[in-house]
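Following the hints, complete the assembly by docking chain R onto the known chain A.
Chain residues, written in single-letter form:
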Amino acid sequence: DTEVTQTPKHLVMGMTNKKSLKCEQHMGHRAMYWYKQKAKKPPELMFVYSYEKLSINESVPSRFSPECPNSSLLNLHLHALQPEDSALYLCASSQAEGQMGETQYFGPGTRLLVL
Amino acid sequence: AQKVTQAQTEISVVEKEDVTLDCVYETRDTTYYLFWYKQPPSGELVFLIRRNSFDEQNEISGRYSWNFQKSTSSFNFTITASQVVDSAVYFCALSEEGATDSWGKFQFGAGTQVVVTP
Numbered sequence: 001d002t003e004v005t006q007t008p009k010h011l012v013m014g015m016t017n018k019k020s021l022k023c024e025q026h027m028g029h030r031a032m033y034w035y036k037q038k039a040k041k042p043p044e045l046m047f048v049y050s051y052e053k054l055s056i057n058e059s060v061p062s063r064f065s066p067e068c069p070n071s072s073l074l075n076l077h078l079h080a081l082q083p084e085d086s087a088l089y090l091c092a093s094s095q096a097e098g099q100m101g102e103t104q105y106f107g108p109g110t111r112l113l114v115l
Numbered sequence: 001a002q003k004v005t006q007a008q009t010e011i012s013v014v015e016k017e018d019v020t021l022d023c024v025y026e027t028r029d030t031t032y033y034l035f036w037y038k039q040p041p042s043g044e045l046v047f048l049i050r051r052n053s054f055d056e057q058n059e060i061s062g063r064y065s066w067n068f069q070k071s072t073s074s075f076n077f078t079i080t081a082s083q084v085v086d087s088a089v090y091f092c093a094l095s096e097e098g099a100t101d102s103w104g105k106f107q108f109g110a111g112t113q114v115v116v117t118p
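Respectively, the protein sequence lines represent chains A and R.
Going by our numbering, the first sequence opens with residue 1, and the numbers climb by one from there.
Going by our numbering, the second sequence opens with residue 1, and the numbers climb by one from there.
No lab work stands behind these hints: they were computed from the structure.
Incorrect hints may have been included.
Computed cross-link-like contacts, DSBU-like style, restricted to lysine-lysine with a CA-CA straight-line distance of at most 30 Å [stated by the list, open to error]: (1) R:Lys-38 - A:Lys-22; (2) A:Lys-9 - A:Lys-53; (3) A:Lys-19 - R:Lys-105; (4) R:Lys-16 - A:Lys-22; (5) A:Lys-36 - A:Lys-18; (6) R:Lys-16 - A:Lys-53; (7) A:Lys-38 - R:Lys-38; (8) A:Lys-22 - A:Lys-9; (9) A:Lys-38 - R:Lys-3.
Chain A with its partners taken away, still in its complex shape (with noise of 0.2 Å):
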């Protein structure tokens, strides 16, 4: 069973506002990963985790904060968003460690609108 589930599926929210995405696999993978995917764009890196602990962040606005609870779960909070930060956000997942070469597997994503 390869699937990586996100709620919700659509947000709207407003500058002002806090919400936050999350996602989850039960594949018992221990590297998880959020994507910022503009249309008609290739999906783009935000955060890496692995093992629960924050590797990798591609120099992302503090008002997405990520956070990790367990294994299993990956969380994006956000706060005092731009309308340029509208956009779908992408949940993966990868088997070990997050290194070269893992597969990723991909949640169906939330369409985020920023009024």
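What follows is chain R alone, placed relative to chain A:
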């Protein structure tokens, strides 16, 4: 510098036609991995294939086939007898050794939109 080039922005075909998607990559590493993903309108990236740099055998999976040629740094993807359900954006991606902290990162190509009409 673009490490993965998918020169075809969009390809339109009629159902049952074959379609080939080009992927050209650039790396100085001897060990690397190449991937193809499909992204239908629903948004999820669906894993299709993973190939390491030491395995140049072509692969066939149902109507899908892949041609890996290290000599030309290409990893092309062919859909045979296309169907409407094949309509999606297809991404080629590279995972290379590079710097230690870059392990696991994918270099995605720009993607190719495939439109299959009945």
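Now for the hints, and whether the structure bears them out:
| no. | hint | verdict |
| --- | --- | --- |
| 1 | R:Lys-38 - A:Lys-22 | holds (23 Å) |
| 2 | A:Lys-9 - A:Lys-53 | holds (26 Å) |
| 3 | A:Lys-19 - R:Lys-105 | holds (27 Å) |
| 4 | R:Lys-16 - A:Lys-22 | violated (40 Å) |
| 5 | A:Lys-36 - A:Lys-18 | holds (18 Å) |
| 6 | R:Lys-16 - A:Lys-53 | violated (48 Å) |
| 7 | A:Lys-38 - R:Lys-38 | holds (16 Å) |
| 8 | A:Lys-22 - A:Lys-9 | holds (10 Å) |
| 9 | A:Lys-38 - R:Lys-3 | holds (19 Å) |
Checked against the numbered hints above, the structure breaks hints 4, 6 and satisfies the rest.
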